[in-house]
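Q: Here is how the chains run, residue by residue.
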Amino acid sequence: MTEAPRPPPPHPWRTHVRAGAILLALMIVVSGLAYPAFVTAIAQEIDPGAANGSLLTCPNGTVVGSADIAQNLSAGALGPSLFWARPSLTDYNTTLGAASPPGPSDPALLALLNETLAYLKNGTGNSSPTATLPFWWVAPSASSVDPDLTPSAVLVQIPRISNATNLSVPTLMNLVNAHITQPPLPYLGVPFVNVLELDIALLALQGTC
Amino acid sequence: MGFDPRTLWDVVALVGVVLAIAPWFGRYLGRIYMDRPLVGDTILTPIERGIYRLLGTSPRHSMRAREYMLAVLVVNGGLLGFLFLFFLWQALLPGDPTGAPGMRWDLAFHSASSLVTNTDFTHFTNESQLSLASLTVAWPAALFVSPATGLAVAAAMVRGFVRRDGTLGNFYVDLVRSVTRLLLPLSILFALVMVLLGVPETFTAYVIAHPLTGGTQTIYLGPVASYQSISLLGTNGGGFYSANMASPLANPSAVSNLFGVFVMMLIPFGAPFAFATMVRRHGEAWPYMITIVIVFSVALGLFIAYQAATNPFLSGVAGLGAQTNGYPVGQEVRFSLPESSLFQVTSVYSNVGANNLQIGSISPVAQLVLLFGMFTQATPGGEGTGFGMLLLFGVLAIFVGGLMVGRTPEYLGKKIGTGHVRWAALALLVHPAAILLPTAVAFLGGFVSLAGLSTGAGAHVFTSVLYEFTSESANNGSALSTAQFNDTTLFFNLSGAVVMLIGRFVPIWVMLKVGERFAGQEALPPGPGTLRTTSMTYSLYLTVFVVIVTALIFLPVMALGPLAQIVGGP
Chain A
5 MTEAPRPPPP HPWRTHVRAG AILLALMIVV SGLAYPAFVT AIAQEIDPGA
55 ANGSLLTCPN GTVVGSADIA QNLSAGALGP SLFWARPSLT DYNTTLGAAS
105 PPGPSDPALL ALLNETLAYL KNGTGNSSPT ATLPFWWVAP SASSVDPDLT
155 PSAVLVQIPR ISNATNLSVP TLMNLVNAHI TQPPLPYLGV PFVNVLELDI
205 ALLALQGTC
Chain B
4 MGFDPRTLWD VVALVGVVLA IAPWFGRYLG RIYMDRPLVG DTILTPIERG
54 IYRLLGTSPR HSMRAREYML AVLVVNGGLL GFLFLFFLWQ ALLPGDPTGA
104 PGMRWDLAFH SASSLVTNTD FTHFTNESQL SLASLTVAWP AALFVSPATG
154 LAVAAAMVRG FVRRDGTLGN FYVDLVRSVT RLLLPLSILF ALVMVLLGVP
204 ETFTAYVIAH PLTGGTQTIY LGPVASYQSI SLLGTNGGGF YSANMASPLA
254 NPSAVSNLFG VFVMMLIPFG APFAFATMVR RHGEAWPYMI TIVIVFSVAL
304 GLFIAYQAAT NPFLSGVAGL GAQTNGYPVG QEVRFSLPES SLFQVTSVYS
354 NVGANNLQIG SISPVAQLVL LFGMFTQATP GGEGTGFGML LLFGVLAIFV
404 GGLMVGRTPE YLGKKIGTGH VRWAALALLV HPAAILLPTA VAFLGGFVSL
454 AGLSTGAGAH VFTSVLYEFT SESANNGSAL STAQFNDTTL FFNLSGAVVM
504 LIGRFVPIWV MLKVGERFAG QEALPPGPGT LRTTSMTYSL YLTVFVVIVT
554 ALIFLPVMAL GPLAQIVGGP
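Note that the protein sequences, when read in sequence, are chains A and B. So for the first sequence, the working numbering puts the first residue at 5; every next one is plus one. So for the second sequence, the working numbering puts the first residue at 4; every next one is plus one.
The hints are simulated quantities; they were obtained by calculation from the structure and are not laboratory data. Note that CB positions come from ideal geometry on N, CA and C, so glycine has one too. Among the hints, a few may not be true.
[As the list claims (entries may be wrong)] Reference excerpt, derived from the structure (chain B facing chain A, CB under 8 Å, subset only):
hint : residue
1    : T10
2    : R30
3    : A194
[Said to hold, decoys possible] Here are the in silico distance ranges between beta carbons for each label pair:
hint : chain 1 : residue 1 : chain 2 : residue 2 : range
4    : A       : Q186      : B       : A308      : 22 to 30 Å
5    : A       : G53       : B       : P188      : 23 to 31 Å
6    : B       : G449      : A       : T136      : 39 to 47 Å
If we strip away everything but chain B, and leave its shape as in the complex, we get (with noise of 0.2 Å):
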């Protein structure tokens, strides 16, 4: 069955309405980590003073990266200790309705590794393992500190650029001001969009209903709008139920489903314009605009078109009807096949990691396609970390493209050394290996059996176990499939764990190091040497110096797994 290109029109006005309006949020998203008068001053300015004083700290405060990451790990840290001591006791908490008991140590552990590092990657099932307390006070406060972390570190490490001191700002008022100037305020505002779409929000835990055929359903409820929409807004990506986006009470209609694409995108794509805004050069936006946009649209194409194509595996069933508005196991009825691709790549390419079909059941190359997008996982990638990663890109760019024509590699009238190079390649060198060396002991190590490997169903397995430690290493949270092979045993909660701490902590680390040593650098005056990073030259190349990278590092990896599913067969 053909695929009717009138079905695009949505996607398509979407995404042309969130590039048209990214400018405009970007400028008041970097106007928040700046010293400057913003909207909402007169009433939020001195709630915020207060929360400083009750901290003991102040806005004139100013760390360097080592106080900077100190305050960072006491805080998540704590997030960290807090949330593994509620999943291990959440059966003792009196009152609780849904009678969950309470959490092996390695999935708890695992659980609040994964909440902490904004990754969300569920090895529970919400409704049977989940107590409501747990779900409604403790994770959403994961779902509030993690973005507004990532979104402090990346603005620490911009002013780099600006300043000459040394120092970075101060994490506890970046923290704050990310909460009460954006995610507070947008997701009060989203949730209520999307009650009025049909997502329930009360505190009823759930209603037992008596089904037509007899029996009893149990219908979970709970403050589900209030939950989704900061889960998407801090590119969290964690489901109220267990299907996510896919449930239908989480989700109810395309618009809903398209409203939850504008919630992800929101931030990522203001971005790069934050950055400008921040460094007071409105055309830098562009080179990150135009390789987020770039790939993020080729990535889209691919995987409608694979989505759409009919699956050839099945041509020999007899009786079943021809494929209409594409491939239907694993997706839902209400959306049209551009409207569930556009959220399965927002969702993954933001690492939101939130999911409105099944991944394990969609082709190898769209399977591929998810992959790619959590390798490079910098277009636009997660809140603040994933432009920290794209700001490393094009660092190294800089510096690769100056030697190359025989500039100096310097950025912004910084100069670019080998000990930034140094750290930047580390935060690109430490993924490929956070994913890597666990999926290769997950095989040898005998935790997966490796029997099999050679066929069609056995790639998919190992796609499955690479697919599990890149979404962990990428802090995305999708998971391809629960089908393949058990991830619930004491190896891969441990494994995953740490992996997600890595993922995560590493590279903060490093956006505050270069950050840092950018801020003690005198900024020197443009000069003819100096490359001009605002051209489309400059553009198109940092978008395939993005894309040959990612590759190099991950092509041995790919053909293992979904080449090896694309190009074998069952």
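The following block holds chain A by itself, in its conformation from the complex (with noise of 0.2 Å):
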């Protein structure tokens, strides 16, 4: 058996120090910096519409909001006109971030539902008490501003819209059809329409966007 090698001396540690402050200074230019700055460099040339927030605008040029951010349709004179989105329990204010709904047997997560069907079944027009909506539009989303809805729950509006803007069922049903997005390959996502891009689109029919 032979001795094992001595192993070397240890740096110092004014050595340790001096060499942690460089290091983590290099680190923050690099990462905080040139790496932020490099990537978007690139992003803005492959990608700008994406790079830049996948914003919406009217033909008349207003940011209308993103295509990935939901907003509270269902407000105001336009209301009853357009297809409403999930609901938001941060009321589809971006800065308070995204909120917990209640937990699976939390009491609370009844009257949060019972109270979010009230207001839907009213927006349908339909408030008979047997008649059901699709889940996935009572129920509160993850990132409070989830913008998309699943296509039965857009169906299930046509009716209020039609009542609201006169434009006949078919007109409407067609259009919804147009504006659903299939997934790129069978069953790898769901078949899902966003809600924003389909009201941009309902409102520049009738030449009010």
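Got two chains here, each in a separate frame; can you build the complex from them with the hints?
A: Okay, here's the thing in structure tokens:
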């Protein structure tokens, strides 16, 4: 058996402090400034639309919102004639971040769902006690600003919008069907409708966006 | 509504792809920490040499455990101090468009500890409490340094099996190479893929939009893709948005979601093969890989099954339609049930801690599945430290197994003595201590109300507090719920910060000490009494060992929270 080689003497602690400080300064400059600047420079070339937040504008140029952020579409005078997104626990206020819904066996969950159901049933123009609404339309989302809806939750809103806008039901059906995003491959994701994009198209149809 | 098994195909395919490239990627990962030629040397080696000279060290300088730990603490302690002061004084920097005020000292301390320890558990709301510079300049330094530290420590520990001079390598060299050879190039590449999948990347802080129904809405933007890319790759798990990867801007589609899973899995699933490459015995990766795959698959299967089940508590709600594509409360429309489940299980089991659903909303069994992953913190666990924990489990398993079948407890030619076992046991025991003691103090000290603890809702509060400290001790960062109790108080900020620092640096010290002990030993040739650690029998034994040890430690506390919720109902 050979004698194990003698380990080298350690760096003095002053070397460690100096090395640590320089390394940190370097890391902060690289990861906090150089790295995002480099990626941003390329990103703005390869996909400026996405890189700038997938903003949606009316034909008249107003920035209406982002395709990725839901907004309160049931409010105001225009509300009844628009498709509505999922409910938001933060009232679509992005400054508040995301709110956590009540737990699965919390009585507060029952109260919340019943309240939302009552509000949405009014919104469909069908407040009969036996009518059912798609669960995805009633349930609060994870991000509080989920911009998408299942196609069935969009279709159920058509009678109300037809009443409010005088657009025929088949016209609205065609509009919705044209806005269903299908999965790129079967069962990779689910079919959904981006509600804000649909509403902008709906207003453009009436020439009021 | 029944569950459609056809929706599983993309999830199975993705896991298959990761497993198929893991041996190949792991070999590259291992070679980063070996003194061998590597792709990119012509450009990167001169740069790295320049950095070493600037730091006043050299790759030839190899450190023992004490000096390696000192270097870890100097770099991470310096970063902790920098972040603490930055958050405390973030309002003083001129030109901040968000107008976030400086943090209270306890919140700044919790946040800085959280970022440095690879936890990224946040007690603040990014959008209103974090300045743009805090989010995009200060935080990313931790997103790189903390995973690089974990990888360096794991590499140092593994060197113990191939060296015999008692040294573990140079921390600065390991850290720099983790960044130049792995984290930086891959995060640039992955960030650009994320942009192509629809994620923002800009220096505009926000856009004021004019919603259709009137009023205004702030669309927060920034370098989201570059942030999110290193956050997931480095198993950090912090979110650019407080909704994390549930935010439709950070995670816009099913494809970006699966890509995020790929980014999270890459390094933790490659780690066993990196280990095998470093010890030059390729069969040694399999016991760890088999353990990881079995525990992970069972967890994912349970999670999907319980997310597909209907919530019996809601059966009386009139007018609520049938459940399709899983339980929708706290979930996003655009992901299928298996896709959101895969993201969440991967994130928690790899100790990333990002979320694409609200964990507080899912079924108690699914919450228990996530808790179990953080209790073991090794299947596959976080960057470097996760594999280090698994290696410590392995050392214990060989010691116990060797005694049971009358074989010499040795691993890769190195004898396992009571000294190694004592250190490894410390790493396993500090985890439950750092979870259970503060949980008990939180309730007995009156920081959370004890009232109603025997009811379903009370058990949920207990689970939330347990989840909080578990997530912090495992350096995970996922949070169960903000609705159950207020965790932004002085008590939860300070106790949380201490738990995270203990949960991070005690296991790191153990890994270095165990590595040093092995590194000081001569390698023995395998004899007839050697336990074969590449056999299927050993692999399954290791799996059972990891599960049983974890269950024995944590079963009592599981009974108080999640199990009480499952059997007790509302």
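Q: Work down the list of hints and note, for each, if the structure agrees.
A: Hint check results:
{"no.": "1", "hint": "T10", "verdict": "holds (5 Å)"}
{"no.": "2", "hint": "R30", "verdict": "violated (26 Å)"}
{"no.": "3", "hint": "A194", "verdict": "holds (5 Å)"}
{"no.": "4", "hint": "Q186/A to A308/B: 22 to 30 Å", "verdict": "holds (27 Å)"}
{"no.": "5", "hint": "G53/A to P188/B: 23 to 31 Å", "verdict": "holds (26 Å)"}
{"no.": "6", "hint": "G449/B to T136/A: 39 to 47 Å", "verdict": "holds (45 Å)"}
In summary, the one numbered hint that this structure violates is 2.
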